[in-house]
Amino acid sequence: MTEMNRLRWNCRRGMLELDLVLTGFLDKHYPKLTGSQVKVFKELLDYPDTDLWDMIMARTEPADNTMKTVLQLIRAS
Amino acid sequence: MALLKRKFDAVIVGGGGSGLRAALQLSEAGLKCAVLSKVFPTRSHTVAAQGGIGASLGNMGEDNWLWHMYDTVKGSDYLGDQDAIEFMCRMAPQVVYELEHFGMPFDRNEDGTIYQRPFGGHSQNFGERPVQRSCCAADRTGHAMLHTLYQCNIRAQTQFFVEWMALDLILDQEGHVLGVTALEMETGDVIILQARATLFATGGAGRVYAASTNAFINTGDGLGMAARAGIPLEDMEFWQFHPTGVAGAGVLITEGVRGEGGYLLNKNGERFMERYAPTMKDLASRDVVARAVATEIKEGRGAGKDGDYILLKLDHLGPEVIEKRLPGIREIAKKFANVDPVTDPIPVVPTCHYQMGGIPTNYHGQVVVPKGENPETPVAGFYAAGECACCSIHGANRLGTNSLTDLLVFGKAAGDHMVQFLKENTNHKDLPKNAGEHTLARLARLENQKNGENVYTVATDMRKTMQAHCGVFRFPELLVDGVKKIREIAGRAKHTEIKDKSKVFNTARIEALELDNLIEVAVATLVSAEARKESRGAHDRADYHKRDDANWMKHTLYYNAVNRISYKPVHLKPLSVETFEPKARVY
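Chains as they are written, first to last, in this note's numbering: chain A, 2 to 78; chain B, 334 to 920.
Fair warning: there could be bad hints in the mix.
Computed list of lysine-lysine pairs in DSBU-like fashion (alpha-carbon distance at most 35 Å, straight line) [claimed, not checked]: (1) A:29 with B:832; (2) A:69 with B:667; (3) B:667 with A:33; (4) A:43 with B:836; (5) B:667 with A:40; (6) A:40 with B:834; (7) B:667 with A:29; (8) A:29 with B:638; (9) B:667 with A:43; (10) B:657 with A:43.
Short derived list, chain B residues pointing at chain A, Cβ under 8 Å [as the list claims (entries may be wrong)]: (11) 582; (12) 583; (13) 837.
Rather than coming from a laboratory, the hints here were simulated on the basis of the structure. Idealized CB from N, CA, C, for every residue including glycine.
With the rest of the complex left out, here is chain A (with noise of 0.2 Å):
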C-alpha cells in the first residue's frame, strides 16, 4: 500500500499528459508487471517530464529492451 501510495505521487507530473497516461497505466498494468520490470518502471519516473514523454509517443527509443516493454504497457495505457 505504501509502495503504491508512493509511486502514485511520483506519478504526478508537470505535464497533464504523463498525469493521465501513467495513472492509467498505475491502476492497469503495474500491479501485473514483474520485478525487473517494476524496477525499470520506477527509473523511467526518474526521467524529465519532456524526455519521458517523447519516449511515451515513441519519438526516441530507449536501448534497453525491459525498457521497450513496459513502454509499450504504458503507450497501450
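With chain A held as given, fit chain B onto it using these hints.
Chain B alone, transformed into the frame defined by chain A:
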C-alpha cells in the same frame, strides 16, 4: 500539542519558475532560504510552457519595451496595472540575458544572438505590424528554464524540501506573516517552517474546472492558504480558455488542426462556425470560436450522450496530411479521446488554461490588502509571484509568452525586495502561542470525520459546476444558479472523509487538503464573475456584451472568509511614460 519548528531567513512555497528565480536572489545574497515543493522542482507545471519568453530584445527586427508594454496593456483589455506592466516590459530583456548567462540553451540566430519566434498579439509600433519577440529553447522553453534555475539554486545552496506540502500561513496579531505549517509526505509529519519573509509561488488553480490543461498538481494551494488567512483574492473571474481541448481529458489539440483545414461540427453534423463567423469560419479568433462552441453546447446541440462536447473533424484531410502536417495529433487523439482522427472526429470542449487573478501584489511582489484609506497596504513579510499572484500585468487577459516573462521578472523582483526586507528586519518575531493549531484542527477534522463524503465525488461536482456555470462564455441565470451551487459544494467540502489513514505518502489525505484549496478558488471565481456586469477580456457575458469602463474599470477583491466583495482602482499611471488610454480591443 507543540509542533516541531525549523527556522529560515526565507521560506518559498513552490519550486516552479518564479519560486526558483526568487530563491536564487535570496541564496546568492547569503541568506538561508528554503523552497518547498509538492513534486521535484523540475517537474513543476512551468515545464509545460512551450511558447517562449516575451522580451523586446529586437534580434529579429526593431523592437522596444514600450511596444511590448502597449501590446500587454491592450491584451489585458485595459485592466492590467500599467506601472507593473511598464516594470515588467523594461526588465524583460535583462532577465532573459541573465538566464542566458545562467546557461539556458536558447535557440540562436546565425550571428549568435537569441532567436525570437513570432507569437500572436506582439507588434511593432503600437499594433502596426507583427514582431518576433518570443525567446525560446525549441518547444522546451519551460523545461530548459526550470533545469537551468534549479542547477543555479543547487550551486547557491538553496535548501529544498521536496514532496512537502504547505498547509497554512502563520500570522501574528499584528498581521505579520511568520511562515507556514507544512506536511512531509514521506512521513506524514507536520512541522512549522518559521521565516522572516515568506513567498508564495504555488502556481495556478486550473484544476477547478472539469476541462483543464493544467497538471494535477495545480490546485491553487497558495490561494487557498491566503484565503483562509483572511487575505482577499483579486480578479478571480478572469480565466483564459483554449477552444479545443480533448473532452474529458483536457489535453490540447493545437490550433494548427483548424489551420490545416479541420473544422467543428455539432451533433446534427452542422458546420456551425459558418453561422458565427461567416468569413473566417473555424479560423476566427480563439475567443470567437470558444464562445460559439459554448453556445452550441448550452443550446442543446452538443454531441455525445450528455450533449456536452463538440466534434473536430479532420478525416477529410486524409492520413498523409494528418501525419505530415499535424505530427502527434493522431496519437494524442487515440490516447486521450479514444478515436482515430483518420476516420472519426475528435470530441473537444473549451478548456481552462491560465488563471489571470490571484493573491493581490504590487510590482515588488509584496502582498497588498486594503487597510484604512490605502487599498494596497503591504502585508509585512508576505510575498507572492507567478501565476498564483495578481500583480496585475495580465489584467483581464494574458498576452501569449508573458507568463514566463512574469515568472522571471517578478520572481526576481520579489527576491530582491525580500533581501532588502530581511536586512531591515533582522530578528525572527515570536510565533503566536496558537501557531499551527488551525492546521492541526483541520487535520483532526479530516482524520475523525464520520459519515462524510468522498473527496473525489465532491471535487467532481465542483469541477462540473465550474465548467457548466462559469466557463468560457457566461450566461446570467447560470451564474446566479452557479453561486448557489458552489456554496453548497463548499459546505460539503467541509465534511470530506478519507478511508486510508496511513502516514506515508497518503495521497487520499493530500487530495482532501488540495480540495480545501480548490474550493476557495472556485467560490471566489463564481462570486466575482456573477458580480462583474460587463464583458472584458476573458470574462465574456451573454447579457452584457461590452466593456464598461465607466463602471467596471476596477479590480475585484473577494474575501472568502467573510463572503465580501470589494473593488480597488486599476493603476492607469505607468512609472515613467504616458497612460495608454482605453480603446476598443480589435486585432
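Cross-check of the supplied hints:
1. A:29 with B:832: Answer holds: residue 29 of chain A to residue 832 of chain B is near 22 Å, not above 35 Å.
2. A:69 with B:667: holds (20 Å)
3. B:667 with A:33: holds (24 Å)
4. A:43 with B:836: holds (22 Å)
5. B:667 with A:40: holds (28 Å)
6. A:40 with B:834: The given pair, whose Cα atoms are some 27 Å apart, holds under the 35 Å limit.
7. B:667 with A:29: holds (17 Å)
8. A:29 with B:638: Within the cut-off at roughly 26 Å; holds.
9. B:667 with A:43: The hint holds at about 25 Å.
10. B:657 with A:43: holds (34 Å)
11. 582: Since the shortest Cβ distance to chain A is 6 Å, the answer is holds.
12. 583: holds (6 Å)
13. 837: Because about 5 Å separates residue 837 of chain B from the closest Cβ in chain A, which is inside the 8 Å limit, the hint holds.
Of the numbered hints given earlier, the model fails none.
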